[in-house]
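Chains as they are written, first to last, in the working numbering: chain A, 1059 to 1900; chain B, 161 to 791.
Everything labelled a hint here was simulated from the structure, so no lab data went into it.
A virtual CB, placed ideally from N, CA and C, is assigned to each residue, including glycine.
Hints may contain errors.
Said to hold, decoys possible - Which stretches of chain A does chain B cover? Using the computed rule of at least three CB atoms under 8 Å from a CB of chain B, they are:
#1 1097 to 1109
#2 1113 to 1127
#3 1142 to 1152
#4 1211 to 1221
#5 1225 to 1238
What the hints assert, rightly or not - Think about it this way: if two alpha-carbon atoms lie no more than 25 Å apart in a straight line, the pair counts; the simulated DSS-like pairs of lysine-lysine are:
#6 Lys762/B x Lys655/B
#7 Lys1078/A x Lys559/B
#8 Lys499/B x Lys1457/A
#9 Lys480/B x Lys297/B
#10 Lys633/B x Lys480/B
#11 Lys1894/A x Lys1840/A
#12 Lys480/B x Lys1100/A
#13 Lys366/B x Lys1078/A
Claimed, not checked - Far from chain A, some chain B residues (derived; all Cβ distances over 10 Å):
#14 Leu215
#15 Arg305
#16 Ile458
#17 Glu563
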Amino acid sequence: MNSVPEVTIHIDNQAFAAEKGMTILQAAQRHNIYIPTLCAHKDLTPFGGCRMCIVEVDSMRGLPTSCTTPVEEGMVIHTQSAQIRAVRQEILKLILSEHTSSCLICDEREECRLYSTTIRKAGVTTGCRYCSNDNRCELQDVVEHAGLQEIGYAVQYRDLPVEKEDPFFDRDYNICILCGRCVRMCQDVRTAGTLTFVQRGQHTVIGTAFHRNHIEAGCEFCGACVSVCPTGALAEKANKWDGAAERETITTCPFCGIGCQMRLQVKGDRVLGSLPAEDPLINRGQLCVKGRFCVAETVNGSQRLGRPYRMEGAVKAILSWDEAADLAAAHLAACAPEEFGLFISPNCSNEDLYVAQKFVRAAMASHRIDNSARLFYGAGFNAYLRLFRRSVPLAEIEKAPVILCIGLDARYGRSVAGVELRRAIRRGARVVTIHPRQHSLANVSHLWLQPAPEEALDLLRKLAGLAGAGKSLSTAFRPGGSLDANIAAAALLLRDASAPVFLIGSEFLSCHDAPEILEAVWQLAETANAGVLPLPAQNNLLGSILMGTFAEVLPGGITAADTERIRLLSEKWGTQVRAGVSSWNAPTMSPDERLKVLYLVGERVPGARSLSEFIIHQDLYPPDSRQDADLVLPAAAFSEADATCINGEGRIQKFAKAVNPPGEALPDWKILSLIARKLHVAGFEYEDVSDIQREIASVVPELEGCDGASRQERRLALRLDLPGIRSFGHAAAAQQEGIPMMLILGVAEHQYRGTSLAARVEGAAAIFPEDTVEISPGDAAKAGIANGDEIILRCGEFERAFPVRCDKDQPEGTLHGVVRPGQIPYPNPLSVTMRKRYVQSR
Amino acid sequence: MNNLETLRNAAKLQWEQLKNNPIPLIYVGTASCGRAAGALAILDAIRKTLEEKNLTARIVEVGCIGPCYLEPLVDIQLPGRPRMSHANVTPERARYLVQSYLKSDKPAVRLAIGHFGEDSSEFVQKVPRFFDLPMLKPQVRIVLRNCGFIDPAEIDHYLANDGYLGILSAFAKGPEGTIREVKEAGLRGRGGAGFPTFRKWEACRKAPGTQKYLICNADEGDPGAFMNRSLLEGDPHAVLEGMLIAAYAIGATRGYIYIRAEYPLAIVHLKKAISQMRAYGLLGKDIQGSGFDFDITIKEGAGAFVCGEETALIASVEGKRGMPRSRPPFPAIAGLHGKPTIINNVETLGTLPNILRNGAAWYTQFGVEGNRGTKTFSLVGKIKRAGLIEVPLGMTLRKIIFEIGGGTTKKFKAVQTGGPSGGCLSEEFLDTSVDYESLGAAGSIMGSGGLIAMDEDTCVVDLARYFLDFTQKESCGKCAPCRVGSKHLVEILRKITKGEGEPKDLAMLETLGDTIKRGSLCGLGQTAPNPVLTTLRYFRPEYLAHVKDRFCPATVCRALLEYRVIPEKCTGCQRCVSVCPTGAITGPRAKTHNLDASKCIKCRACYEICRFDAIAGDAIVIKSTRRASDE
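Based on the sequences and whatever the hints tell you, model everything.
Here it is in structure tokens:
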């Protein structure tokens, strides 16, 4: 490593060494010399706005701000001279004259804190509870340091309305000190550009362009602005009155396959929220809206299950774990291998997944296990998994000269990748995006290839053909041309780039021709020698395959037809594992072949009652309907047990236990092991996760050291063939009455353990609409439809009603919506007829 | 084909033809100032007269020649006769002049205020030379030499008058030689701070990197200042040539003109001039075979005062919000897009061709040691001869105000130099030399050249409030001392003008002003308190009168005024009764009227009508009287 040249500086008559290029403030902080600051922040570029960090430097005129002034050899700096202290005090007074300040200089403020445990009561008692940031406010520290007793200036309260209409965080710019941290975070670090200074002089405030609300202004709700706000001006709705966290735990976000590292904020035995970790490998101090704002509400819901119970008719009968395991074992013992099925969420940890499949194969002597990734990826599952053979780490985005995004929208989910992408653009990378609709990359990419809904495959094949063409292409790079010209330009970029990177989003995964589309992507990647980042929606998709949670897949991601592997497993587990490939999977379950026991681990199956006599529901939350479960077992969330998972790059990462599970809830693997022991099956005597990790490593040699301690990514060779599911519904192209439209449906991807985040998290519904379709205002006007009206869409046997939302970005003649996995019609996109649904008024 | 000498010879020929005109020439000053005074209507009247009377003359639209108080100016030059200048022309007067000069044997020469020929000529009768007029005589016109003489829309006029000789001289000297010449000339930045131009240039030239930028700062935002506008409207090529010289010296290949959108005419002239330069091979690749590449882009500002500050200006050119940033790094090292950038003021650039053409030695004959050359000023306020002037540095304020400006209408009270960021100087400073150091020592600044003279009808508290209100509204909001502090200053001053001030407010103004000066990030904040601090220093009794005696000596602060009817003078004409909007004045005809102070809203209507429309003329008086303060 190159050592940075050092200089010697003198701060308050003491000599210190500092690195060249550092600011005075950084040098002082390194040597624990306190200089008050409000606008400076370690993650942000210097600003020099609050003027609190002014110092005297012997060789400079005026009072330079230490946060912006670089150190120089022999600099003599005074941080505490009488002049400095006086000017600082005066400036602080000015700042406070705009800021409600009773919690800063009120004589009663110490007594007031006695009430801080019942914070609302304090508001009632003292009448000054306007800010939620007591004890977390950086202004309090600075005022204390300055020893300010009174302000002296007339109060200049701005009297702005508090902005509460957007989800996730409130904005009270009356207590904003205009330090500009949020603006710099949004513009420089996130490069999102939602926030800016608006107006000037005394009317200067933070806001969006044209005063639009944050949703309309393109905010990603990453919460980075909230995290850096030194006052209570920006406050997270969900925990603003919860006070400061007591400790934090570094763990992995469970909401998608990027696997960001985050710091869970914990107070007592409760997760208050989550902040990004300074992880150099993946998210580098960033999170998306899911990781930042959806964690606490997902794990803290008031409906969380705390004790096992059985349903006796409509009555819940609370059971002890012993009784519950006995009941489950009794039903399972009386159940033949063909009369059983287990359906598990790919959000579960490796250990849970491994124990679940072992439970099926060793305790139930069956292969009947499946997980919902199969439903999500549908027909293109196999082709999708093949892309992982070319997978590269996320950090490659930073180096790639050309980046191709295929069906990717990085505004809410995957916004961490979006940040990397915009940074790449800033440093000069060329970005091409293929997407049928307006999306977050449309305005930042160099080329937007916008195929009509049915033309995506055609476009990709053309692109692959041109990129592979040997001779030079006649078309020069010229954005803004026709689609064909743009395809040629994109092909040229890809052909000439040394190592392009492809980012795969979810847009095309639900198309009926997804297998062919993904095949074309594969061909293109081979031709362009591209690294691929599939960015799966499930946090542990790779774990669910490598642990063997499919009927046709054994641990190690090996096909169940491999008799040698069957023999090895039998030997390791000390029981005879059934040979032969099972064709069973969850989507093929039907009331005609009713099961005796259906075991749902973190999954929900609509209409499950018709599929099985006895249903075990094991999850954080109760079943959606009382009929859907006979035995309900409370499971621990990702924040409540130590475990591991594998992200989309093939990196094994840790889930760290931050708090205890509620009540008697247990990790999934513990519950499964408990029941297995009740079934008198050997090999389930795990004391803790390290026992399971050792066993996984012995069965799957590639996963040696799979405790997540080393987060080295592994290129995982998946030796398997996982057939996708071709269609769930079908539609004949019969003409019906109504307006012909093209319907494009996507699969809801913002899910955790079988439930949409929108259902668990207040605010998420505003950004993750489900079961609604978007229509262009023109089409809506033609059909006489307004926002919120219902429409009926028909095509042959397919008939569904949807509420509509007018969206100016939706192309004319098309409808777009998001539905739960398993509800995609065939074909998709589908030609439908649309008519308004009239509700009879009473 | 674009050889400059060939082009110049052709231009000179054309210019000579114009000078030795076979047909009469009519010059109309149609810069913004002339237009505001009605020049376009006059132009229209002249054209119509020529058409109606079937007369032949050539109309030349020129820029501003300086004396605003004489606008609109129409000059007529008959073949073989000197050019005669007529002031304060109305359309009717213009019709008369045209007919008189073009049709009559005895033109109305006596109506002219000045001529541009020889006094020996019989034709001029007793009319003095234009430049012998008291306002113009003490002036030295270097930057403004072409303003009012050439058609700014004609590059040939500029070329014929030694235009673009400066850049050729620079090419001959080489970049280092050019910088040396500017150093020897002692040129200091005319934008306000007076930083030696060559020093910035040297830093930029030495800064590593191949891409460098030159920006012309034409964001003239001071209220009452119009030096840059006049120059850009009257002689755009002088500034553009200056840009060529500066860019060549520092090694810049791209230039920007950051000009406020409120100067539409200047923008039109600049655009035209730039396209003419391209056509003449003065922009683009390998300019005049020198190997120097340069091109210029115009960037219009959106009307923020702070964007005149270098770093804010750069942010604005980059498309960001115009907010200053801390220095170091200085723009000469890391400016536009992080590349070395020089920002020079319009006037600095306009001076450069003269220095390069005539040499540093010639330039240093003007001005005083350390403050060489001339400076343009907008001389405005309660002054008899307002206008744009150019004087050598080192001239006293007294000479500028009393000789050039003819003094104030009433008794002189103060002069504000440097616009809203400058200071207000009292009578005792009239003999101060106008140079960067002397003005700074007096607590004011040179600034970009606004000079506002005030007489005894100006209340300095109200003046300070006005300027602070301006800077406060134009604060970008970035740093707390400027954003919040200036707001408090305005509030306290407003309180004082309302008669609600207390003696301790004066101390607060001083502490606050000092905090803002020392604590602010950029020049805007650091100079914003100057009007308050200087008036407090030099006119403290007037502040004390406001806060202690509730008395406004200048009779300006409305809350401290009283309207009274002088019974002995009132003739009872009822004119004031008819205009009073609140019915405060009552009284029967021919009897002394009564003014009910409780109803009076001090709208001044009765005062005005009594003075101008009533028999008595001065029966109503406005007075501010000393009262004991409430305490």
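We went through each hint and held it up to the structure:
1. 1097 to 1109: With 6 residues in contact (Cβ-Cβ under 8 Å with chain B), the coverage given for the stretch 1097 to 1109 of chain A holds.
2. 1113 to 1127: This one holds; 6 residues, not fewer than the three required, reach chain B with a Cβ under 8 Å.
3. 1142 to 1152: Holds, because 4 residues of the stretch 1142 to 1152 of chain A bring their Cβ atoms closer than 8 Å to Cβ atoms of chain B.
4. 1211 to 1221: Since 3 is at least three, the answer is holds.
5. 1225 to 1238: holds (count 3)
6. Lys762/B x Lys655/B: It holds: about 18 Å lies between the C-alpha atoms, which stays within 25 Å.
7. Lys1078/A x Lys559/B: Measuring from Cα to Cα gives roughly 53 Å; hence the hint is violated.
8. Lys499/B x Lys1457/A: Distance of about 24 Å is within 25 Å: holds.
9. Lys480/B x Lys297/B: 46 Å, violated
10. Lys633/B x Lys480/B: 19 Å, holds
11. Lys1894/A x Lys1840/A: Roughly 11 Å between the alpha carbons, so the hint for Lys1894/A and Lys1840/A holds.
12. Lys480/B x Lys1100/A: 23 Å, holds
13. Lys366/B x Lys1078/A: Holds: Lys366/B and Lys1078/A sit about 21 Å apart, inside 25 Å.
14. Leu215: 54 Å, holds
15. Arg305: 37 Å, holds
16. Ile458: 24 Å, holds
17. Glu563: Its Cβ never comes within 10 Å of chain A, the nearest being 37 Å, so this holds.
Taken one by one, the earlier hints fail for this structure at numbers 7, 9, listed in ascending order.
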